[in-house]
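Protein chains in written order, with the working numbering: chain A, 449 to 560; chain B, 50 to 165.
A couple of the hints might just be wrong.
Said to hold, decoys possible - Below, simulated DSS-like cross-link-like pairs (lysine-lysine); rule was C-alpha separation at most 27 Å, straight line:
| # | chain 1 | residue 1 | chain 2 | residue 2 |
| --- | --- | --- | --- | --- |
| 1 | B | Lys-119 | A | Lys-457 |
| 2 | A | Lys-505 | B | Lys-52 |
| 3 | A | Lys-505 | B | Lys-87 |
| 4 | A | Lys-531 | A | Lys-505 |
| 5 | B | Lys-157 | A | Lys-545 |
| 6 | B | Lys-119 | B | Lys-87 |
| 7 | B | Lys-157 | A | Lys-531 |
To be verified - Computed Cβ-Cβ distance ranges for the label pairs, DEER-style:
| # | chain 1 | residue 1 | chain 2 | residue 2 | range |
| --- | --- | --- | --- | --- | --- |
| 8 | A | Gly-464 | B | Arg-112 | 28 to 38 Å |
| 9 | A | Asn-476 | B | Ala-165 | 18 to 28 Å |
| 10 | B | Arg-160 | A | Gln-504 | 47 to 57 Å |
| 11 | A | Asn-476 | B | Asn-107 | 32 to 42 Å |
Simulated from the structure, these hints should not be mistaken for laboratory data.
All residues carry an ideal CB built from backbone N, CA and C; glycine is no exception.
Each chain, written out:
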Amino acid sequence: DGGITQSPKYLFRKEGQNVTLSCEQNLNHDAMYWYRQDPGQGLRLIYYSQIVNDFQKGDIAEGYSVSREKKESFPLTVTSAQKNPTAFYLCASKAGKVTEAFFGQGTRLTVV
Amino acid sequence: AQKVTQAQTEISVVEKEDVTLDCVYETRDTTYYLFWYKQPPSGELVFLIRRNSFDEQNEISGRYSWNFQKSTSSFNFTITASQVVDSAVYFCALSDGNSGNTPLVFGKGTRLSVIA
Numbered sequence: 449d450g451g452i453t454q455s456p457k458y459l460f461r462k463e464g465q466n467v468t469l470s471c472e473q474n475l476n477h478d479a480m481y482w483y484r485q486d487p488g489q490g491l492r493l494i495y496y497s498q499i500v501n502d503f504q505k506g507d508i509a510e511g512y513s514v515s516r517e518k519k520e521s522f523p524l525t526v527t528s529a530q531k532n533p534t535a536f537y538l539c540a541s542k543a544g545k546v547t548e549a550f551f552g553q554g555t556r557l558t559v560v
Numbered sequence: 050a051q052k053v054t055q056a057q058t059e060i061s062v063v064e065k066e067d068v069t070l071d072c073v074y075e076t077r078d079t080t081y082y083l084f085w086y087k088q089p090p091s092g093e094l095v096f097l098i099r100r101n102s103f104d105e106q107n108e109i110s111g112r113y114s115w116n117f118q119k120s121t122s123s124f125n126f127t128i129t130a131s132q133v134v135d136s137a138v139y140f141c142a143l144s145d146g147n148s149g150n151t152p153l154v155f156g157k158g159t160r161l162s163v164i165a
């Protein structure tokens with residue numbers, strides 16, 4: 449089945465550690481996005497990529513990094529510089545500018 | 050800059066009542082797209098509808114209907130005869146229609162609780 453797969457579903461991180469969230473899509477979409485969701489804050493854009501080997505910062509990119517080496521993959525690294533990383537992270541992809549975005553099931557990251 | 054405002058943070062209704070979720074947007078673009086998504090407790094966002102800025106026709110899909118009014122920059126969502134399964138967080142979103150795969154800008158969401 450076509451879709452977006454995020455893993456893991458739950459992730460626990462110790463303070464000071466970097467962690468990488470996986471996002472894979474088999475929809476052949478050019479664009480991919482990472483959003484962060486906090487209670488009452490809606491979805492805020494972290495990074496996005498419109499094409500392989502290119503990506504742009506979103507509204508809250510500080511403390512995060514991404515790569516886009518393959519069309520189907522857009523991993524997000526939460527670095528130790530991110531001061532408050534506990535949140536729900538959603539990955540999305542989009543086929544073109546007139547289409548809707550498709551979302552993965554999300555990764556819930558908790559700092560312990 | 051683009052902005053989406055969902056003024057209703059939480060709404061509770063009794064089953065079978067009708068409920069309207071409000072969405073007001075801001076954009077300088079002449080071509081843009083509006084969306085509604087549903088987020089059930091599982092967390093995944095489920096696409097409900099897309100509307101482009103040139104199509105102001107209202108749309109009905111079963112118990113769902115959408116009212117798009119450019120004059121008031123609003124794209125409201127009505128659920129008729131609500132059911133417990135409608136309980137979720139609903140997001141309104143906006144994207145630029147002029148330049149590539151620009152990201153969707155989301156409102157903060159409205160949490161709908163339908164009580165049996």
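Structure-based check of each hint:
1. Lys-119/B <-> Lys-457/A: Not OK: Lys-119/B and Lys-457/A at ~39 Å, beyond 27 Å, violated.
2. Lys-505/A <-> Lys-52/B: Measuring from Cα to Cα gives roughly 18 Å; hence the hint holds.
3. Lys-505/A <-> Lys-87/B: 26 Å, holds
4. Lys-531/A <-> Lys-505/A: 17 Å, holds
5. Lys-157/B <-> Lys-545/A: Status holds; Cα separation ~22 Å.
6. Lys-119/B <-> Lys-87/B: 23 Å, holds
7. Lys-157/B <-> Lys-531/A: 22 Å, holds
8. Gly-464/A <-> Arg-112/B: 28 to 38 Å: This hint is violated: roughly 49 Å between Cβ atoms.
9. Asn-476/A <-> Ala-165/B: 18 to 28 Å: 42 Å, violated
10. Arg-160/B <-> Gln-504/A: 47 to 57 Å: 31 Å, violated
11. Asn-476/A <-> Asn-107/B: 32 to 42 Å: The hinted range 32 to 42 Å holds for Asn-476/A and Asn-107/B, with Cβ atoms some 33 Å apart.
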